[in-house]
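Number of protein chains: 2
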Amino acid sequence: MLCLCFVLSESYLFVGVSGLYDFGPMGCAMKSNLIQLWRKFFILEEQMLEVEAAMLTPSKVLKASGHVDRFQDYMVEDLKNGECFRADHLIEAHLEKLIADKKTPEDVKEEAKKMMPMIDGMSQNDMKEAIIKYDIKSPVKGNDISEPKEFNLMFSTSIGPTGQHKGFLRPETAQGIFVNFKRLLAFNAGKLPFAGAQIGNAFRNEISPRSGLLRVREFTMAEIEHFCDPNDKSHPKFAGVSDLKLSLYSACNQMDGKPMQSMTIAEAVSSKLVANETLGYFMARIYLFLLKVGINPSKFRFRQHLSNEMAHYACDCWDAELKTSYGWIECVGCADRSCYDLTQHTEATGVKLVADRKLPEPISFYKQIVSGVVRTCTSCVHLFYCLLYRSSRTEHCILSILTSNDILHCMTYRHLYPGDHYLRTIFNIFVISIIAESLTLNDISHRIDDSGGSIGKRYARTDMIAIPYGVTIDFDTLQAKPPTVTLRERDTMKQFISLPASIAPYKCSVLPITNNVEFNDYIKQLSESLTLNDISHRIDDSGGSIGKRYARTDMIAIPYGVTIDFDTLQAKPPTVTLRERDTMKQVRAKMEEIPQIVKDLVDGRRSWDDILKQYPIFEGQESTK
Amino acid sequence: MLCLCFVLSESYLFVGVSGLYDFGPMGCAMKSNLIQLWRKFFILEEQMLEVEAAMLTPSKVLKASGHVDRFQDYMVEDLKNGECFRADHLIEAHLEKLIADKKTPEDVKEEAKKMMPMIDGMSQNDMKEAIIKYDIKSPVKGNDISEPKEFNLMFSTSIGPTGQHKGFLRPETAQGIFVNFKRLLAFNAGKLPFAGAQIGNAFRNEISPRSGLLRVREFTMAEIEHFCDPNDKSHPKFAGVSDLKLSLYSACNQMDGKPMQSMTIAEAVSSKLVANETLGYFMARIYLFLLKVGINPSKFRFRQHLSNEMAHYACDCWDAELKTSYGWIECVGCADRSCYDLTQHTEATGVKLVADRKLPEPISFYKQIVSGVVRTCTSCVHLFYCLLYRSSRTEHCILSILTSNDILHCMTYRHLYPGDHYLRTIFNIFVISIIAESLTLNDISHRIDDSGGSIGKRYARTDMIAIPYGVTIDFDTLQAKPPTVTLRERDTMKQFISLPASIAPYKCSVLPITNNVEFNDYIKQLSESLTLNDISHRIDDSGGSIGKRYARTDMIAIPYGVTIDFDTLQAKPPTVTLRERDTMKQVRAKMEEIPQIVKDLVDGRRSWDDILKQYPIFEGQESTK
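Quick mapping for you: the protein sequence lines, in order, are chains A and B. When we follow UniProt numbering, the leftmost residue of the first sequence carries the number 1, and every step to the right adds one. When we follow UniProt numbering, the leftmost residue of the second sequence carries the number 1, and every step to the right adds one.
These are calculated hints, taken from the structure and not from any lab test. Just so you know, not all the hints are guaranteed correct.
Chain A residues, not near chain B, derived (Cβ > 10 Å throughout) [as the list claims (entries may be wrong)]:
#, residue
1, Gln36
2, Asp69
3, Lys103
4, Lys137
5, Asn143
6, Arg183
7, Leu192
8, Pro230
9, Gln254
10, Lys258
11, Thr324
12, Thr462
13, Asp476
14, Thr486
15, Met584
Within a straight-line C-alpha distance of at most 20 Å, the following computed SDA-like cross-link-like pairs (lysine to any residue) qualify [as the list claims (entries may be wrong)]:
#, chain 1, residue 1, chain 2, residue 2
16, A, Lys80, B, Thr162
17, B, Lys599, A, Arg606
18, B, Lys166, B, Ser156
It should be emphasised that the depicted structure is a prediction, and the values quoted were computed from it without experimental measurement. Just so it is clear, CB atoms sit at the ideal spot from N, CA and C, and this is done for glycine as well.
Generate the whole structure from the sequences, applying the supplied hints.
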């Protein structure tokens, strides 16, 4: 491939172990460029959530994913000298030779040709039969070979001083995304669709490393797992790529010996050749990325997996293949894996890796649970299950739901267990109502925040809106007689992480003043122009108060915030405000100038003081028209 | 540390294995920023040579480096429940408790205080004695503990289908630089000093992972190995940092119980507190980098290793330490390791990991070897050794040096063995002289290139200066009777790799038209401004013809080349030429505009066609005044 000439071959000082390569200065620079470009093209442009999981993986994870039992190739051994070969490669090479040999009878050739595309899907027994049928021998010496044996491709090791935990070097990066699914979902505010991405090394103990850098024992992968509603696999950006023409080599055409076809991805999806819009969208993006890094479009195709090649759980799978000196080589795989992986991990751990779907209408099921409290809990699916099973609707019932086990469970899995939020909600509703009534009786204005976020975040929010005192109800409240609560004075220290802009995770936030649809075009335009300028940014259009949203961005160290407000809509050209995290000062500037200003600030070409001198100070905005 | 809040704690789905962490979206973004900044600050700014070696390391490499035998901690076991602890941590915790306890007699306290700084350097026996003396027990249960046992911290695995090769996950990244030393030296045209750098993961099977992210089992390191002449440890850029004040905590002050001192790095080097300028320069750069990423200077110090802490081969070693909630924590280690590692690998493999020093005067030792050939071989130190040992100076002798073993050796280790070049030189001198004489007799103008670079590179060079035919002398020439040679027609195809600028390893080359010292200031100025704009570039001031140097940059896919010529010196403001790799066309532009132009081209904001329209086309430059 392209980078071959930039690679230091296998460590030449220590010859003997194959399949391990070092990159030299140019290889490193090029790899770093490729990764940065990939990160920009996929993660930044699509606002994906990146993770970096440990490479050393406990056995339990890979047992759940099926790798411990099934990540294997079939190996045959030369019975005289012990040399090992991959059974499928041996059969393939033998058949190729047979087909090329003039002396082979036509009918044998025909049969061999038919068998070729089947090799990838052969079972252990199929291989055994093929070896016997064609009398396949060890390729170099011509010795007899063993029957095909299973060989797990993972490198194993043991973790800990007493060797008590078995571990493996991960054979792929996808599992690191799946096991973090719940947290990524939470980071995305519980909303689908979203994508997790991971770039990193994977390790496979290949039986016979070969083909230069194509089949090696340690390599870098970049993977995306896009999670969407199984009932809705449309993609909002599909229209943007629908006219792109791709070379598609369908499973049918492969079986029928027909050539690949060129068609638009829209045609492919509408004719059901490609299973759905989301799969089609990613195929288009993969092609566009490969074009960007310099592949020759005439040496590119998407090849559909044959049904015997495809994993049993997958709906559809296409490999982006490149024609190289080694023939057509898989370069990117793109599959709709359904919810197989999440289901496997759920079964192994009992932790439900699912997302909640928002109900079209809130269910008002237990409006009158506690006398004096009329509160509707929307989308609390779990809660309703609890209530349904217990069926009583009295105060007593609600408290009884909170058995000591439940409480223990809540405490142990505080941020983890999806039911936690709802259990706490029930609990809070009851106690809150008592306190709220008593505050009201005493003419004390108050604000209830039972949103269920972490208490730290909720303190931060109330601090931002200057509420001087806070009453916190916790599990001790429940147990003490009479009930006790915690009284807290406002933290006058603003909470933020003051990282230098150069290393802050995101350089900039984009905040519409409200979640009014009129702002959407401006958000899109600004986001695109920030992406073009390589500025990582986070859009928060959740519609909370601007103060709260600033507080959130301060907590994750975002140094600059851009707010689109009602003045933006009126000014020509549109203007926005730019706020700096540590000083909390704001200026007003043209929206089109923002990427350059932020870039200059991040790269240190201009200071915030320069900006304060150059642009008009902005004192505060209205959150309504 | 700073990034704690951005980390997903140990894989929560599979609780039980400690010391492995995942990074979430913000942790990934921040880590990527940190790495990019490090790459820019060290690799780009100092033109270091980056490598990326495989993490999976054959046992032989780590045997040679000493890790297999000595990379260990001492562990004690709870004799009742089998729990394991690090012996040094246990002793330290016990002494701390003793010192803090009011009931401890003063003399015991004093003794414990004196022992504290010695713990890091304790031998197995010292630890055993301390455990007996203080009657140290298992910390939680108070059970008896075992004697300290050696525990190797590397994770082992086996490579290959039959488990024939033992391998380890690398415990550090430095070895990957050392084993590639010869190739990096060659990439740097054989010149010292140069630095290799590597960023990547390392793995240590910690006995008891603790302190959040500080002692984990898998982590990312960034290492630099700077190679310089052991007789000259001055640093050309030391003057630029000499006034920087650092907090230094010397070994003497630690032993005497005195505090750290603040002094300039110049004072530290001149007073011999810091061993040499090169070590001092890197300490200063490390501090500047840490300031850049936001550390608080009041919580920073350099602590010198005590003699019992320091490896026996090291001359001097300073740890950059940060004061955290866990106390003072090593963050960067900076040591003069002398030539220990290269010597170890040389001993293990027989491959000499050394650089040649250019002699001040060429030695004209064997001017009259072959009748009719008067040629001086400069700096061929190995050759002279060969000749000295064999002592005869006839033609016959020279050929006899090339025994069949030597030839085999040359063929096998073509690019590796330092003697190869010289053996080939002797050989070539003899045969070349015969051919050159015969060409001269026939009035054929010719050019001898016995520079010893790869034949491919030398073809490229002669092609660039349009020599239509080439005669190649090889080992077959020697064996055939009468001698045969290869006649080659010029390759009219320009050789270059046409990578998109976005992924090309270097974006730009900087080429002075000659190696005249007058150009140095311009090179420095342009290089600094390119670095400031994040544009990776390679300076080639080797002084070969500009055509040859363009050819070299084309071969490694550098898309743009800037040439500083004699017109640069005269124009105000200075102008330079900018050349594009694939079209080979050139324009003339102001030097100060170059970074922006290259950046725009790389990011796709302007095309090369735009540049050709906007700037005057340049047709060719003079290489003399």
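Report holds if the minimum CB distance from Asp69/A to chain B is greater than 10 Å, and violated otherwise. 17 Å, holds
So Thr486/A supposedly isn't at the interface. Is its beta-carbon more than 10 Å from every beta-carbon in chain B? Holds, since 23 Å exceeds 10 Å.
Beyond 10 Å on every Cβ pair: is that true for Pro230/A relative to chain B? 21 Å, holds
Is it the case that Asp476/A keeps its Cβ farther than 10 Å from each residue Cβ in chain B? 25 Å, holds
Please confirm whether Met584/A is truly not at the interface, meaning its C-beta sits more than 10 Å away from all C-beta atoms of chain B. 19 Å, holds
Check on Lys137/A being off the interface with chain B, judged by Cβ distance over 10 Å: 18 Å, holds
Going by Cβ atoms, does Asn143/A stay more than 10 Å from chain B at every point? 16 Å, holds
Starting from Lys166/B, check that the Cα of Ser156/B is at most 20 Å away, please. Roughly 7 Å separates the two Cα atoms, so the pair holds.
Would the least Cβ to Cβ distance between Gln36/A and chain B come out above 10 Å? Violated: least Cβ distance 8 Å, not greater than 10 Å.
Reported absence of Lys258/A from the contact zone with chain B (all CB gaps over 10 Å): 34 Å, holds
Hint consistency between Lys80/A and Thr162/B [alpha-carbon to alpha-carbon, up to 20 Å]: The given pair, whose Cα atoms are some 14 Å apart, holds under the 20 Å limit.
Holds or violated: Lys599/B to Arg606/A, with C-alpha atoms at most 20 Å apart: 18 Å, holds
When held up to the earlier numbered hints, the structure conflicts with 1, 6 and fits the remainder.
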